[in-house]
Amino acid sequence: MEQDKFRFFCNCFEDAFKKNLAEMFDVQIKSCNDIRKDSEKKLSAVVGVVGIYKGRIHVTMTEDLIQHLYESANGESILDEMDLCFYLAELTNMITGSAITLLNNNYKGSNLRLTPPAIFADENLDIVTPQIQLSSHTYSSNYGPIRVEIGFEGV
Amino acid sequence: MDQAYRVLVIDDSPMVFKAVKRAIEPEGFQVVDQAFNGQEGLEKIDLLKPDLIILDVTMPIMDGIETAEALFQKNPDAKVIMLSAMGDEELTSKAKQIGIKIFLTKPFKPEELLKNIRSIL
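Protein chains in written order, with the working numbering: chain R, 1 to 155; chain H, 1001 to 1121.
Treat each hint with caution, since some may be false.
[What the hints assert, rightly or not] Here are the computed lysine-lysine pairs in the DSSO-like style, where the Cα-Cα straight-line distance is at most 27 Å: (1) H:Lys1018 / R:Lys18; (2) H:Lys1109 / R:Lys19; (3) R:Lys108 / H:Lys1094; (4) R:Lys108 / R:Lys19; (5) H:Lys1044 / H:Lys1074; (6) R:Lys19 / H:Lys1018; (7) R:Lys41 / H:Lys1018; (8) R:Lys19 / H:Lys1115; (9) R:Lys5 / H:Lys1094; (10) H:Lys1109 / H:Lys1096; (11) R:Lys108 / H:Lys1096.
[Unchecked claim] Just so you have them, the derived chain R footprint on chain H, three or more residues with Cβ under 8 Å: (12) 1006–1015; (13) 1058–1071; (14) 1077–1088.
Bear in mind the hints are in silico, worked out from the structure with no lab data behind them.
Each residue gets a CB set at the ideal place from its N, CA and C atoms; glycine is no exception.
Build the full structure now, drawing on both the sequences and the hints.
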């Protein structure tokens, strides 16, 4: 994938994260250092993208942040870890879908589609895929940090 | 309160199922079950005969578009609301082509879902 196009893809995903967190949950995020040294318990979700380009979006959040987002949207708490995992998967799915919508409308014929999310519970999860262009971003918020990794097959 | 119309949710997300239940059950609708993919969904439609189907797009085994195509072949009058995290023009156009009259993007507002359910039933 050409660098400019990859950069545009990454910007769409970053913007989708910032916009959706702000609009859905009134949570503002800003760039920060890598969160992997942070000791809070984290969960990760990975959503695949298929179509004319293939890629994946890997999101890591602390359990506290996921809990806060759920309470903000639903007015009640999540009581078990499984539901935290499901909610992170759904969040990642929705936000990635929002970015994919923009990309498909910009690049007609791309036919980018999501694949069902996979969830991991791990402190410091790295997914290594050969021949993939990767862009990692870490953000802080008032409720916990977020790491977003965007990877697409490229040149 | 609305008549107790029976609603089947075909979506692989337990969170979406809970959100739909929370949005519509207080208004008198009855969410009868959840199916986690289109194949299971078609089986449950035959078994449960719901008045309305809320159908996701991205699912394993059989996606929402394939499910809707199969459903409308058997029952062209089936009442279906399609729900998806994606809402690009190609997808919504494809959904419309196969007979989907209402397409909502996630996240949905409860009042928006209710309004659309009432309009289709």
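Holds or violated: Lys19 of chain R to Lys1018 of chain H, with C-alpha atoms at most 27 Å apart: With Cα atoms ~24 Å apart, Lys19 of chain R and Lys1018 of chain H stay inside 27 Å; holds.
Taking 8 Å as the Cβ threshold, is the statement that the region 1058–1071 of chain H is covered by chain R upheld or broken by the three-residue rule? holds (count 3)
Restraint status (C-alpha distance of Lys108 of chain R to Lys1096 of chain H at most 27 Å): Holds, at roughly 18 Å.
For the pair supplied as a hint, Lys41 of chain R and Lys1018 of chain H, confirm whether the alpha-carbon distance does not exceed 27 Å. holds, 25 Å
Compare the distance between the alpha carbons of Lys5 of chain R and Lys1094 of chain H with 27 Å, and conclude whether the hinted pair is satisfied. Distance of about 26 Å is within 27 Å: holds.
Check the hint pairing Lys1109 of chain H with Lys19 of chain R against an upper bound of 27 Å on the C-alpha distance. Judged against 27 Å, a Cα distance of about 17 Å means the pair holds.
What's the verdict on Lys1044 of chain H and Lys1074 of chain H, does the C-alpha distance respect the 27 Å limit or exceed it? holds, 14 Å
For the pair supplied as a hint, Lys1018 of chain H and Lys18 of chain R, is the alpha-carbon distance within the 27 Å limit? holds, 25 Å
Are Lys108 of chain R and Lys1094 of chain H close enough, with their CA atoms no more than 27 Å apart? holds, 14 Å
Per-stretch coverage check for the region 1006–1015 of chain H, three Cβ contacts closer than 8 Å to chain R: holds (count 4)
Is the hinted pair Lys1109 of chain H and Lys1096 of chain H satisfied, with a Cα-Cα distance of at most 27 Å? holds, 22 Å
Are the Cα positions of Lys19 of chain R and Lys1115 of chain H separated by 27 Å at most? holds, 25 Å
Going down the numbered hints, you'll see the structure goes against none, and every one checks out.
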